[in-house]
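**Q** Sequence:
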Amino acid sequence: MLGLPVEGMSEIWFLRPLAHRSDMAPHNHCSNDRSRISGSALSKLELNKTILFREVCFVHVNFNSEDKMISDFVLLSAWLKLWWRDSQRANQPQQLKSLLGPEFLKQRLWAGESRHPEMWLLPQTKLQQQQHQAVDSAVVNQGATSDVSKRWHTSCQGAAQVLTPWIKSITLPPDEIFRNLENAKRFAIDIGGSLTKLAYYSTVQHKVAKVRSFEHNTKEAASDKLYEISVQEEVTARLHFIKFENAYIETCLDFIKDHLVNTETKVIKATGGGAHKFKELIERKLGLKVDKEDEMTCLIKGCNFVLRNIPHEAFVYAKHADSEFRFQTSHPDIFPYLLVNIGSGVSIVKVESEDKFERIGGSSIGGGTFWGLGALLTKTKRFDELLQLASKGQHTSVDMLVKDIYGGSYGSLGLTGDLIASSFGKSATADKEFSKEDMAKSLLHMISNDIGQLACLYAKLHNLSRVYFGGFFIRGHPVTMHTITYSINFFTKGEVQALFLRHEGYLGAIGAFLKGAEEDNPNQYSWGENYAGSSGLMSVSPDMNPMQRARSGTFDMLEMDRLERQLVNLPLLQDPSSYIPDTMDLTEDALAREYWLYCFEEALDGVVKRAVASQPDIPEATERAEKFRQKYRHKLQTLRHQPFAYGSLTVRSLLDTREHCLNEFNFPDPYSKIKQRENDVALKYYQKAVKSLEELSWEQRQFALVRGVLAGNVFDWGAKAVSDVLESDPEFGFEEAKRQLEERPWLVDSYDQWLERLKGPPHKCALFFVDNSGVDIILGVMPFVRELLSRGTEVVLASNSGPALNDVTNGELQILTERIAAMDPVIQAGLREDRLTLVQSGSSSPCLDLSRLDKVLAMVVRERQTDLVIIEGMGRAIHTNYYAMLSCESLKMAVIKNSWLADRLGGKLFSVVFKYEVPAGKPSQDSAALTPS
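Here the sequence shown is numbered in this note's numbering, starting from 137 and rising by one per residue.
Errors might be hidden in some of the hints.
Simulated pairs of lysine-lysine, BS3-like, Cα-Cα distance not exceeding 30 Å [as the list claims (entries may be wrong)]: (1) Lys1044 with Lys874; (2) Lys1044 with Lys346; (3) Lys515 with Lys428; (4) Lys402 with Lys415; (5) Lys343 with Lys767; (6) Lys343 with Lys486; (7) Lys745 with Lys820; (8) Lys874 with Lys745; (9) Lys402 with Lys428; (10) Lys827 with Lys809; (11) Lys425 with Lys393; (12) Lys651 with Lys539; (13) Lys874 with Lys856; (14) Lys517 with Lys572; (15) Lys528 with Lys517; (16) Lys428 with Lys415.
Taking CB as the label site, the calculated pair distances span [said to hold, decoys possible]: (17) Ala739 with Asp430: 30 to 38 Å; (18) Gln876 with Arg776: 29 to 37 Å; (19) Trp1036 with Gly547: 49 to 57 Å; (20) Ser489 with Ala739: 28 to 36 Å; (21) Ser548 with Lys413: 51 to 59 Å; (22) Asn599 with Arg776: 39 to 47 Å; (23) His395 with Gln950: 38 to 46 Å; (24) His395 with Thr372: 17 to 25 Å; (25) Ser828 with Gly896: 22 to 30 Å; (26) Gln341 with Val992: 37 to 45 Å; (27) Gln964 with Ala454: 54 to 62 Å.
It is worth saying that the hints were derived from the structure and are not from the lab. In this text, a Cβ means the ideal position worked out from N, Cα and C, and glycines have one as well.
Let the hints inform the model, and build the full structure from the sequences given.
**A** See the structure below:
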């Protein structure tokens, strides 16, 4: 929106991100182009000067003082907020220029770093919206004729607007913040001293791909297609959490009120110290009754929720490591734990169960102490600025160390020379001035060490090994996390780790929401983070570019989708607490990270192309696909700078983020047409494949069955090397894939041990995690399943609950199995006698997390006494679960379809991994190992 002129003023400044003007050098710049822009609302506008300040472009414009629209205004960009109210400056342009100089900006403006420099400013009222639209229309249609004028108008469009001073301004991209607000059903709010965290529950309409089997004795089946695909609307539940500065609360409430149309709730749950302060404002703006909840109860409920539902929630902070964030494996039992909440003071809470917790201690020396003493020592009033000072200081200039007293270490007491003997000890004797930075650093160490020692004593007293830190004092600051971590390591000699939470700032809001939603029992469901709508953890290192930092004042979002299935651990995991799904952590492996980010970006064009092709009859599909491209590319760029944004960066998380973004723009199954075509073709060869297998001797057949699974696994559209072949050579088929396979001995080869095992008694039940549609499932997996059934082994086929790449879904597998059963009496008998069972995995990913599986699947595994787990495919058996230890026999089969990965593992394209493992305590077999060369 264009800024509007102010009554009595002759000049106005517009703000916009510098990134939109690549032609401007980073210094003061006077334009020689004095192009005029005129219109019905603005006359004699003149672009005459731009000033660059802190990476923001200020566009200075003159206008006639005869244009009178409103009395005062506020300008806001995504980077700087400008506010003044003085109508007496109408005839004092020089004073105005001076007012807007760098010194004024430094002294009177709050500068906040935003993750979204492209954020637009939203109109605050319908009247203002109409005014701005009228101005835009007038400028574009009547006066914007020169290139400079058009460029000026484009740069200002959406980047600045004039608001009345009694309305707080806010930067909000309408498609990013307060999403799905029109369908919000329930609200909760947590208002702290400086930040507000809003939570709401909404229903989200999105498209899902459904398959329906044709009745093959009717006219419907005239096309010989196996099934039809339809895209239908489905409503799901989503939790939204938004964090912003308290200064913006009034505008946020206005925005919510204007867009709230379908809510049924009459109450908003509130917690935090500011809940009382803003109670009247909230009730007046939203017309909802504020129901205040206990702050500590909400905090604990929120903590339990994120620990249970977000796998990579907790992390250890390691300042000097390659990756500063080291995420912890989710423990199936999150209790008991110690929560150290550092606000103004410190509260130490022992949490034993969902509803049982106790404040066992605390201290009055906390964040408020650091802030207060820091302000007295440095004259710095802002908390974040105080931490910035501390990050640059040297505490040894102020603190007295052991070596300052003894000349070195104190060996008999085990004290090293660099240990702090007395905080601020040198200030009493040194005859010099100490820098603000050094004093801030010394103070931070003093407060952190005190809190760390207190936490350690309580952890030891109550025999607790998991200690989580949170509160305003932490808030993701590296300097506070580092000092707390150092303190805990020192006092416990490394026995206890200081753990921090990725979504620590939301705990109160989440807990307040859960208190208000108890009638819906949200804890009976599993929830998953929606990467497409979540900001992710941002580094706040002072060394990073401001665009890559998250500070107070930024808008931070978290979205959680309610999953259709309740997710639990696979009962056959040997040690669920130590299970790590992913084979490679890209957060710590910079070379691998750069390759895979490049790989996913390179594949983006192909994904967009297939997304559009999956919806040929929908005109706007191309536009949505382009939005998907932009969103996912932005996510990849974010992950390049902040690989820890969503926990440990892995190939699985990159794939899942892509699926989330596709779903966000209503592409639920981009590969649906490909899967349908390949399923139809493969079915025609099934009987021939089975017949050729039956003609082989027993030993020949076992090897042919394994080669069939491996050859089928080649047909993976997620692998660029394969998709290029399949697109360029439509005749590439099952036999061609067999010829591509590596000859034995394979890269990882346990086939001989597997063959020996097959000569023994049959397994009771085999759980088979399947991979791709088409040739893979029909000509590779099904003959293998047929052989297991013939041996007397029950089989459970676990397939994806939702689409991902060309992986077969449970809905598709049901139809395929019925068709195969009509051709194959062995499969038919297996279904009829309930010895062949098809179950959803609970996943919609090309990879596999055995700690988050459908509860029904886990129940079937127990009931059938499963003693063999088969995992097929590169995503499920190599990118994930290669090192997974199970309490029963396991078989992992995959073909490596990526040249870089093959080279990394010492193989080549189409190398084979066939890994048969027997758990400890059972007859030992030679175990295969896959290690980088």
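**Q** Next step is simple, just say for each hint if it's right about the structure.
**A** Here's how the hints hold up against the structure:
For the given pair, Lys1044 sits about 16 Å from Lys874 by alpha-carbon distance, which is consistent with the 30 Å threshold. Our distance criterion of 30 Å between C-alpha atoms is broken by Lys1044 and Lys346, whose separation comes to about 38 Å. Straight-line distance between C-alpha atoms of Lys515 and Lys428 comes to about 36 Å, which puts the hinted pair past the 30 Å bound. Between the alpha carbons of Lys402 and Lys415 the distance comes to roughly 14 Å, so the proposed pair stays at or under 30 Å and holds.
The suggested pairing of Lys343 with Lys767 holds, with an alpha-carbon distance near 18 Å, which does not exceed 30 Å. About 44 Å separates the Cα atoms of Lys343 and Lys486, which puts this hinted pair outside 30 Å; it is violated. In summary, the hint linking Lys745 to Lys820 is supported, as the alpha carbons are separated by about 28 Å, within the 30 Å threshold. Simply put, Lys874 and Lys745 have alpha-carbon atoms about 29 Å apart, close enough for the 30 Å limit, and the pair holds.
Simply put, Lys402 and Lys428 have alpha-carbon atoms about 14 Å apart, close enough for the 30 Å limit, and the pair holds. As the CA atoms of Lys827 and Lys809 are separated by approximately 29 Å, the hinted pair is consistent with the 30 Å bound. Between the alpha carbons of Lys425 and Lys393 the distance comes to roughly 14 Å, so the proposed pair stays at or under 30 Å and holds. Among the hinted pairs, Lys651 with Lys539 is inconsistent with the structure: their alpha-carbon atoms are about 54 Å apart, more than 30 Å.
Taking the CA atoms of Lys874 and Lys856, the gap is about 18 Å. The hint holds against a cut of 30 Å. Among the hinted pairs, Lys517 with Lys572 is consistent with the structure: their alpha-carbon atoms are about 12 Å apart, no more than 30 Å. A C-alpha spacing of about 17 Å is found between Lys528 and Lys517, which places the hinted pair at or below 30 Å, so the restraint holds. Taken as a hint, the Lys428 and Lys415 pair is honoured in the structure, with Cα atoms around 9 Å apart against an allowance of 30 Å.
A C-beta distance of roughly 49 Å is found between Ala739 and Asp430, which places it outside the suggested range of 30 to 38 Å. The hinted window of 29 to 37 Å between Gln876 and Arg776 holds, with their beta carbons roughly 33 Å apart. Distance hint check for Trp1036 and Gly547: the Cβ-Cβ separation is about 52 Å, which falls inside the suggested range of 49 to 57 Å. One distance hint, 28 to 36 Å for the beta-carbon pair Ser489 and Ala739, is violated here, with the actual separation near 46 Å.
In this structure the hint that Ser548 and Lys413 lie 51 to 59 Å apart at CB holds, the actual value being about 55 Å. Here the CB-CB span from Asn599 to Arg776 is close to 43 Å, well matched to the stated 39 to 47 Å. Checked against the hint of 38 to 46 Å, the C-beta distance between His395 and Gln950 comes to roughly 41 Å, which is consistent with it. At roughly 20 Å, the beta-carbon separation of His395 and Thr372 lies within the given 17 to 25 Å, and the hint holds.
With their beta carbons about 27 Å apart, Ser828 and Gly896 fall inside the hinted range of 22 to 30 Å. Taking 37 to 45 Å as the suggested C-beta distance range, the pair Gln341 and Val992 does not conform, at roughly 26 Å. Judged by the Cβ atoms, the range 54 to 62 Å given for Gln964 and Ala454 holds: they are separated by roughly 57 Å.
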